[in-house]
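First to last, the sequence lines map onto chains A and B.
In terms of my numbering, the first sequence opens at residue 1 and continues consecutively.
In terms of my numbering, the second sequence opens at residue 1001 and continues consecutively.
Hints in this document: simulated from the structure, not taken from any laboratory.
None of the values given here were measured: they were computed from a predicted structure.
Worth double-checking, as some hints may not be accurate.
Said to hold, decoys possible - Ranges of calculated distance between the beta carbons of each label pair, as one might list FRET restraints: (1) Leu-25/A with Asn-1125/B: 26 to 36 Å; (2) Ile-1145/B with Ala-40/A: 33 to 43 Å; (3) Ile-1145/B with Pro-22/A: 36 to 46 Å; (4) Thr-69/A with Val-1009/B: 40 to 50 Å; (5) Asp-1210/B with Phe-186/A: 24 to 34 Å; (6) Arg-1187/B with Gly-76/A: 23 to 33 Å; (7) Val-80/A with Leu-1010/B: 24 to 34 Å; (8) Asp-1191/B with Val-62/A: 27 to 37 Å; (9) Thr-1201/B with Val-80/A: 29 to 39 Å; (10) Ala-1023/B with Val-65/A: 51 to 61 Å.
For every residue, glycine included, the Cβ atom is placed at its ideal position computed from N, Cα and C.
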Amino acid sequence: MSALWFGVATAFWLGLLTAVSPCPLATNIAAVSFLARRVAHPRQVFLAGILYTLGRVLTYVVLGVLLATSVLSAPGVSAVLQFTVSKLLGPILVLVGMILLGLLSLPSFGGGTSEALTRRAEDMGLFGALLLGVMFSLAFCPVSAALFFGSLLPLAVNAGSGLLLPAVYGVATGLPVLVFALLIAFGVKSLSGIFGRITQIELWARRITGGIFIGVGLYKTLQDIFGLFV
Amino acid sequence: MKGKNVLTVLLLVFVIASLGYVAFGELGSRASAPAPEKTSAPAAPAKPAALAATVAPVRAAAPTPVTAAVTQEPKTPAPLPERAPEAAKGAKAEAPAAGKHFVAYYLHGKARCVSCTTIEELTKNALDTHFADAQKSGLLEVRIINVETLENRHYIQDYQITNQSVILSEVQNGKEVRWKNLKQVWRLLRDEKAFDDYIRTETDAFLKGDEAGSVKR
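Please build the complete structure, drawing on both the sequences and the hints.
This is how it looks when you write it as structure tokens:
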């Protein structure tokens, strides 16, 4: 039992290390800004934060189970995630940033009232947080690959826990982002209460998020595809 | 409004060009890559149990087809193994084909991080400082290899690596006979002295034939 608790504690620590390591920092900044952009609705920010973390947990659990049971080969999966998936992240972030800034618009299907469309967009926003969690956790960089494949997986296999330890690891990787998003959301909420300009603040938060997504996307593209910023 | 349109077009062009670069880069290297190396038979049997225990515990339960392929033992004397082409080239260039020599690999991808370049630098420094004579005589060769290129991707399966790694390899008569992954490099990279000691003692022991932690082919 104590061995399992040691495993859980180690998995949690490895997750925190992954979240704060310089390598995934750019995507973490993008995640924080994405969650915090709806500052007027702290409940939604909180929910989005949980869904973002859930997206990360889901990814690591699925990977953990498939790898621990040898359904997939760790070297093969690691190579695909590092060399292919992580390359797509930059261009995808640029496109999402463009949508947030209103430079591109998503096609709408069918009619429906503006209220229904707004609700759908809100649903997409929360679903987007889940998707973002999955996408960011799949885009492995060298440090996160070393921590996940080199440290967490052997630990999970030895402890016979391909499910629990990757889940704990996933929670820890999402935790700093969730905490920052909440701090920002509640901080800005109280500020906005003073100034009574919540709508304007949210408009700017959305623009800043779009700008950050495009900036991070350009940075990741230049780094991962064109090999700059060594 | 005009500025907004220009920005949109520029960003879209950037996205399309980036994706095109990835796609054409992949197609280009596929076209120029030599025949698939995985089809060639390895020269010597591998030991899956040892490999799984030493390198990747996650593979212990059931070897994948790749591992299974490595375990096949050819009935006839095998030609120079294509699965270790770099080692073979090294053998040709710097050591007599009949002799024994060693290769220290630093295997990395295209995206480099601070930790990655630190490991590379510290490894090179340690090997240049403590094994300068071995390198001059051709006994030890240091190779820095980007495993992301198609022609080098076989190293990922050859050494079962999931991230940037330092590998020691022993080559006899042009065939790799054993290798070892120095897995502690990630743990020690912030302690230069400990890192240097680790590379020195591990390489020294490997060159002297210590097989502890090695995977035999």
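Verification of the hints:
no.	hint	in the structure
1	Leu-25/A with Asn-1125/B: 26 to 36 Å	holds (27 Å)
2	Ile-1145/B with Ala-40/A: 33 to 43 Å	violated (52 Å)
3	Ile-1145/B with Pro-22/A: 36 to 46 Å	violated (24 Å)
4	Thr-69/A with Val-1009/B: 40 to 50 Å	holds (48 Å)
5	Asp-1210/B with Phe-186/A: 24 to 34 Å	violated (59 Å)
6	Arg-1187/B with Gly-76/A: 23 to 33 Å	holds (24 Å)
7	Val-80/A with Leu-1010/B: 24 to 34 Å	holds (31 Å)
8	Asp-1191/B with Val-62/A: 27 to 37 Å	holds (35 Å)
9	Thr-1201/B with Val-80/A: 29 to 39 Å	holds (35 Å)
10	Ala-1023/B with Val-65/A: 51 to 61 Å	violated (31 Å)
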